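Order-wise, the sequence lines are chains A and B. Residue numbering for the first sequence follows the numbering used here, beginning at 451 and increasing consecutively. Residue numbering for the second sequence follows the numbering used here, beginning at 202 and increasing consecutively.
There may be inaccurate statements among the hints.
[Claimed, not checked] With a straight-line cut-off of 30 Å between C-alpha atoms, the simulated DSS-like cross-links for lysine-lysine are:
no., chain 1, residue 1, chain 2, residue 2
1, A, K590, B, K208
2, A, K560, A, K595
3, B, K318, A, K685
4, A, K541, B, K250
5, B, K315, A, K685
6, A, K732, B, K300
7, A, K644, A, K685
8, B, K208, A, K644
9, A, K685, B, K339
10, A, K747, B, K318
11, B, K338, A, K685
12, B, K208, A, K765
13, A, K765, B, K315
14, B, K285, A, K732
15, A, K644, A, K562
16, B, K285, A, K685
17, B, K285, B, K338
18, A, K644, B, K339
19, A, K765, B, K300
20, B, K315, A, K732
21, B, K250, A, K644
22, A, K644, B, K285
23, B, K338, B, K315
24, B, K318, A, K492
25, B, K300, B, K250
26, B, K208, A, K685
27, B, K250, A, K685
28, A, K644, B, K315
29, A, K541, B, K285
30, B, K250, A, K765
31, A, K644, B, K300
32, B, K285, A, K765
33, A, K765, B, K318
[Stated by the list, open to error] Stretches of chain B that chain A covers, calculated by requiring three or more beta carbons in the stretch to come under 8 Å of a beta carbon on chain A:
no., segment
34, 209-223
35, 242-255
36, 328-335
FYI, nobody ran anything at the bench for these hints, they're computed from the structure. Because the structure is a prediction, the values reported are computed rather than measured. Every residue, glycine too, gets a C-beta built ideally from N, C-alpha and C.
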Amino acid sequence: MNTITKNIQELAVSLLRDKTVDIVIGFKSGTVPMSSVPFVAKTTEQARTFIWDTHCRLNLANYLTGRKEKIGIIAKGCDSRNIANHIIENKISREQLHIIGVPCSGMVDKVKIASEFTEEIIEYTEQPDSFVVKTASQTKTLLKKDYLRANCSTCMHPNPVIYDQLAADRVTEPLIENQFADVNRIEALSRDEKWQHFDDLLQDCIRCYACRNACPLCYCPTCFVDESDPQWVGKGTDTTDIRTFHFLRAYHCAGRCTDCGACVEACPMDINVRDFTRKLNKDVFDMYGWEAGLDIKNRPPLDTFNPDDPDEFIK
Amino acid sequence: MTEKQIKIVAFLCNWCSYGAADLAGVSRMQYSTDIRVIRVPCSGRIDAKLILAAFREGADGVWVSGCHPGECHYLEGNYYARRKFILMGNLMEHMGIDKNRVHFSWISSAEATKFAKVAREVADTIVPMGPNDRFVKKAV
Ligand code: SF4
Ligand code: SF4
Ligand code: FES
């Protein structure tokens, strides 16, 4: 058991034992390798099944919306920023939460790892900077830094921004030059190439909405995709409908997205839907100097304005 | 040969640009007939959903016009709108929609001349581009 897992379990057990909280939200091992899953512990026995590894890719803030009880929650950098969002947007109150922060050294990209093998992966064991992957006929040791998720490799806020206790020492926050290289690449394309890029990107989308469901920001009681009068977007896999869905899903995350990558993690078709949100993240950063969820004081950019905002595009 | 007539959907704020269109009309000012007006309560009511809905139903261009900054009937609607517009316009361009198909303006109810002028500009930009084929829902 790694030290972070041990610390998380101890902290969670004591929170539940002392009745400081009613539940603790964390991760436990999934049923297949490389798939740690969100888990809500109500008893100290359950809290002893919590784990921490490089597959805790989903965002636990997603499970907070509208809850009434006292909650303990494990939060890496991006989860903590989405918790801050939730507090700002009145989806949970700070007083209800006991946040166990986990300074994060990045999660690995399961798709990239799987692409190294032709057979199914049957075992995955972690060491501090590397991991060993086993299939029926092969065993390989790979370096973690070569397999970080795309969003983790440009993350500048690995330490939780808001917490009550930490389960590990803080990590150094990297300064990434050219943070939006991926967006710039698309921006440099011609208009037709851009259209084509997103056509190709969305070719496999089956409209399952897993990307939306995994995102802590998407908590509306009725999502626009389910509205029928007027119907903003059709139900099937018509290419215009798929594009419209993705445009609006991303747009509703403008100024709120923390680039946690939960949407990409949830997608069964491995579509990098961050290609949409990243553009908005770049624009709000360039125009309003905003990065979502860094504190619980400032209003998000679309919930405020400045009389001197950029205006040149208006006649 | 019959060419498809270009349609430009204009979302005009009730308190200003809609009045300007009215005044331009009674003053017999000339502007493009490709423009179809939809009256909205405030430019702050405009959402990306509405703009995409216009394209989806076959509009070739969209024009949104509201009150000048500081003159919104609801005081701040257009300030919020401005932030939404720039982000949605950029995202459209990013996804391969020509920015020139979506226009924004501030026109007060007294500015009939500006209304007619902007209407001509909008039409002169969009009409030569021809029919839009992106984000259109084709009948199945
Ligand atoms: S849109 Fe994706 S990356 Fe952004 S907050 Fe939601 S799940 Fe995270
Ligand atoms: S999770 Fe993937 S397949 Fe499902 S709707 Fe989102 S992008 Fe499409
Ligand atoms: S009332 Fe005209 S823009 Fe708000």
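Which of the numbered hints are not met once you compare them with the structure shown?
Going through the list in order, the structure violates hints 1, 3, 5, 10, 20, 23, 24, 28, 34 and 36 and respects the others.
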